[in-house]
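Residue numbers (this note's numbering): 350 to 867.
Hints in this document: simulated from the structure, not taken from any laboratory. The beta-carbon is built from N, C-alpha and C at its ideal position, and this holds for glycine as well. Hints may contain errors.
[What the hints assert, rightly or not] Derived DEER-like restraints, expressed as beta-carbon distance ranges:
#	residue 1	residue 2	range
1	Thr627	Thr350	32 to 38 Å
2	Thr559	Asp590	54 to 60 Å
3	Asp590	Ile698	35 to 41 Å
4	Gly387	Val658	51 to 57 Å
5	Gly691	Arg828	21 to 27 Å
6	Val488	Ala587	58 to 64 Å
7	Asn372	Gly691	57 to 63 Å
8	Arg598	Gln662	47 to 53 Å
9	Pro626	Thr605	33 to 39 Å
10	Gly387	Phe478	24 to 30 Å
11	Asn372	Arg598	32 to 38 Å
[Unchecked claim] Straight line, CA to CA, 20 Å or less: simulated DMTMM-like cross-link-like pairs of lysine to aspartate or glutamate:
#	residue 1	residue 2
12	Lys750	Asp843
13	Lys560	Glu539
14	Lys750	Glu820
15	Lys621	Asp527
16	Lys764	Glu737
17	Lys747	Asp811
18	Lys560	Glu575
19	Lys747	Glu737
20	Lys784	Asp748
21	Lys752	Asp830
22	Lys784	Glu743
23	Lys752	Asp790
24	Lys747	Glu801
25	Lys750	Asp848
26	Lys750	Asp830
27	Lys747	Asp843
28	Lys621	Asp568
29	Lys784	Asp811
30	Lys747	Asp848
31	Lys784	Asp848
32	Lys784	Glu801
33	Lys784	Asp847
34	Lys560	Glu543
35	Lys764	Asp830
36	Lys621	Glu528
37	Lys621	Glu667
38	Lys621	Asp590
39	Lys560	Glu577
40	Lys752	Glu820
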Amino acid sequence: TAVNAGGTTVFTGDNVSALQVFNVDFDLVSGGGGGGAGGAVGIRFDRIPANATVLVNVLGTDRTISTYSGTIVDAQSPWNALRTRLLWNFPDATALNLRGSGQFQGSVLVGEQASRTTVTLPGMNGRFFTTGTLTHTSVEGLGGGQEFHSYPFVGDLPDCSVTPPVPVTGSVSVLKRDEAGRPLAGARFELWRETNGRRGAQFTGEDADTKVADCVTPDTGVCSRESELGTYYWRETAAPDGYVLPEQRVFTLTLTAENAAAGVRYVVDNVKVPPTPTGRVAVRKVDAADLRTPLAGAVFELWRESNGVPGLQTDGTEPDTLEEGGCVTGADGRCELVVEAGTYHWREIAAPAGYELPAQPVATVVLTAANAAAGVTVTFADARQGEEFSGSLEVLKKDAKTKRPLRGAVFEVWKETNGTPGLQTVGINADVMVKPGCATDGAGVCTFAPLEAGSYYLRETDVPEGYVLPENRVTGPLRLDEQTPGHRLVVTVDNRRDDHGKGKGGKEGKGGKGGGRG
């Protein structure tokens with residue numbers, strides 16, 4: 350392969366063949382590889398066997414090579430060592446420019462009769478044959494001294510009538526096993542060949558390596574491919590059922606003339622998928638007026654989150670999954686089920702005698718490997734029938750930097766009433782203001798009470814002197830119901846100082862009619 354990148358054109362051979370052939374369809378300049386004229390590049394040949402002949406076919410009607418490589422002293426440049434076995438062939442170039450500051454190595458053949466070749470390099474080291482016009486000159490203003498050194502070409506080029514040798518091939522395989530060393534069927538692999546000259550495997554992009562084949566391991570656990578010499582990558586894309594992909598999923602094998610007869614193989618072991626942890630998910634039912642009093646006789650359902658839609662869906666075309674076995678709280682107010690790790694929804698469907706269902710009868714718990722041993726519990730509080738709910742909402746206003754309480758911030762409380770997400774303060778279907786403006790006291794506190802159960806929004810309408818309204822001056826929705834500890838919500842809101850005077854700006858959310866949902 351020949352790759353022009355990073356200021357160097359690198360020719361990478363197969364380290365085997367006596368004749369190394371490279372076909373190049375770009376200029377050898379910085380920014381080359383199809384990128385047009387640029388500055389000088391280095392030229393390097395890798396993996397060229399000793400005494401091999403190197404043929405570089407440079408294709409294209411208008412070509413430029415600009416290089417700083419090559420030296421007068423042979424020991425100072427590895428490129429010099431290839432000189433007498435290196436041939437640069439320009440079969441169809443009509444305009445050829447050889448320039449730069451280096452000592453160009455190798456013989457040159459320009460076969461187009463209408464060609465014009467211009468050489469300004471300090472030194473050409475090898476035989477030069479052209480059927481067209483040659484101009485040997487120097488760059489204006491940079492002096493002269495350009496020379497041709499007619500070193501002979503002693504390489505061994507093939508006779509056109511000679512049948513090329515049959516390429517050497519060998520088996521490139523991968524063996525998939527379980528933890529006990531038994532073969533595994535059903536593992537999916539891709540086989541890729543190294544073709545872009547860059548270290549390691551590249552599976553995507555314009556300069557990716559070359560995909561050779563897909564394979565699924567049979568009962569023998571072996572995927573195998575008869576391949577030519579080179580470097581290959583087996584890439585595991587899917588493990589057999591019940592197993593996990595290994596941490597390392599790409600496996601490198603190099604097939605050479607020395608190991609082709611035996612072939613090369615990588616052995617990959619898989620481990621089974623660990624068992625899903627289980628644990629207890631519990632619900633605790635208490636009296637809303639006294640959270641220490643457990644309630645027996647509450648009936649619950651447990652639903653597993655399974656449809657990917659946030660929240661609980663109990664009907665429709667794709668509801669969540671109802672776990673088998675209902676749950677009724679005992680004298681201790683508890684009931685529990687043992688389940689696998691996952692997200693679950695407790696749903697109260699019947700309150701204890703003399704009590705009412707809470708306004709929000711659903712609560713979500715998440716059982717993980719980390720908390721499975723201890724389990725997770727959620728508490729439901731039910732109010733006695735006939736008792737009216739009364740709650741409070743307390744706002745605490747602080748300086749955003751010092752966290753000290755602020756006096757004089759003014760708030761309103763609005764109740765969510767129209768079923769439209771976010772707060773709407775105007776229009777024919779606006780939400781309802783339940784408490785007008787309240788200014789925070791010296792402790793930075795303003796309390797709104799009594800409030801019935803429901804969802805509320807805090808809306809800040811004015812700030813203390815020297816402060817600015819926050820960017821979003823609506824906080825909410827805030828849920829206040831029987832599940833709220835002590836029937837009391839406390840919300841902290843920070844204000845920052847205005848270095849340029851008291852500000853009254855700030856956003857209120859969607860449509861300029863009120864804040865969103867916080």
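*Hint by hint, which ones does this structure get wrong, listed from lowest number up?*
1, 2, 8, 9, 19, 20, 21, 24, 26, 31, 33 and 37
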